[in-house]
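The listed protein sequences derive, respectively, from chains Z and R. Under the working numbering, residues 144 to 342 are what the first sequence spells out, in order. Under the working numbering, residues 5 to 292 are what the second sequence spells out, in order.
Quick caveat, the hints were computed from the structure, so don't treat them as lab data. Values in this document were obtained by computation on a predicted structure and should not be read as measured data. Not one of these hints is a red herring.
Coverage of chain Z stretches by chain R, computed from C-beta distances (three or more under 8 angstroms per stretch; other residues unrestricted):
#1 190-202
#2 308-315
Sample of chain Z residues lacking proximity to chain R, with all beta carbon distances greater than 10 angstroms (derived):
#3 Met144
#4 Val224
#5 Leu225
#6 Gln229
Taking lysine-lysine and the DSSO-like style, the derived pairs with C-alpha atoms no more than 27 angstroms apart in a straight line are:
#7 R:Lys63 - Z:Lys228
#8 R:Lys63 - Z:Lys262
#9 Z:Lys306 - R:Lys63
#10 Z:Lys228 - Z:Lys306
Glycine residues also receive a C-beta, built at the ideal position from the N, C-alpha and C atoms.
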Amino acid sequence: MDEISLIQAAQKGELDAFNRLVLAYQDIVYNQALRMLDDEDTAADAAQDAFISAYRHIQDYRGGSFRAWLLRIVTNACYDVLRRKQRRPTTSLEPLDDTGEEIESPHWLADNTNLPEEKAEQQELASAISNCLQGLPDEFRAAVILVDVQGLDYSEAAQSLGKPVGTIKSRLARARLRLRDCLHGFWELLPAEFRLAYE
Amino acid sequence: MVKRPLSSRDLELLSAYLDRQLPSQEQRRLEERLKLNPALQNALDELRRTRVMLRSLPKVRAPRNFTLTPAMIPARRQQPYFGLSLNWAAVSVLATFFLVFFFAGDFLGVFSPKGTMQTAQRPNEALVLETAMSQIEQQSKATEVTQEPGFNLPLPPENARGMGGGGGEGPSEATLQAAPVAQLTPPAAADKFLVIVTPTPTIAVAQPLMGIAAAGTITSTMTAESAPEAEIAMAPATEQADVSAQSQPAESSPTQVLFTPWWVRIIEMALLLVALGAGLFAFTRRTR
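My request is simple: use the sequences and hints to build the entire structure.
See below:
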């Protein structure tokens, strides 16, 4: 069945048809949540909530990019999580060491000593980018993730965020400027194939 | 090296240029500027590097399948409209359309019962009644006039319309006083005729007209026998009419009004409520 048939079947209440759509889009939805929230468990919860919400409101889908429609739902779910975090800052459950300091989560301070150098550099760059993304305002972060990380074009990104294309252009430009300053110096960590493609 | 800050306009131009989102004319202009401005070119290069770094972020696979089970889905509410999903925006548009239709019909008098009029005591007002006019024309064509001595009411021309009453072919000495409107009925006999008067200004004219709305209001049907004793006050006629005007004091006189049935008002109110309610509902659902 093609995507349109699956969507129509899901709109009639067929859960199996909707689950096939879930399997097709779960990676991109999870990535959006992960880059927005920078936490794997929270991102998984947000992605699951987004799919439940998408099924409940599948009748509201009126055509256009289904991918953009799903990304809009998950982005809104991430905004809700971020607002809740701002209202009620959570206490970290990370274990404490002998001095009372938190032991950071593994992905940020992974032990790279046994990894090939290139892979270690990639990991360090990915961590630096994630850190810089978290320093952006939520709306800027969403725009730059949709366009530069997920690869959407401006119109699809506008549909995902429910904003005009002009707003997307503006937010994207300002996000890139801030990231330029934040990532200054990490260029050398970029894998060779990316640097060669650029140069 | 101190970097000159980019203007927000240039920043957006460079960012859109990177994504090939600039119109061709603007793109050419920017490329000309980039050739002449090394600082601008440097800024573009830095933005390009930033974009490359962002695109190097790996796509992470979902840690598990997010497929749904029936237990995850809350039971849907009972829909009172038997499973039909309503497009509330369309409902609002449809209700607005019908509301406009009813308002237009109300304004044009479509819903007023035909042939029946009520009077109101409103001085100095005259209303043109198109439906009544058409009836008058039909009746005047079908009616033969019986003329009494000294009472000369010439027939109007075939295509005379109710403007000013200048259709008479000659002066007439008779005048009739305006009488309250009874009812318009088609003439049953050849000796009946329809006289048209205007309430105000009440001007007696030497050339009464029959079958033509002087100022467009109907006041009475009269028989030929009663004609000599009545006087018609005619509205000012056209320039062709030979009018001997005799102004009479304006009195409060009956004015014809149309009335809207109560059920039309109720329908209009209901449509207004539906249009506003459905539109508001559609708007709130959309912004959710």
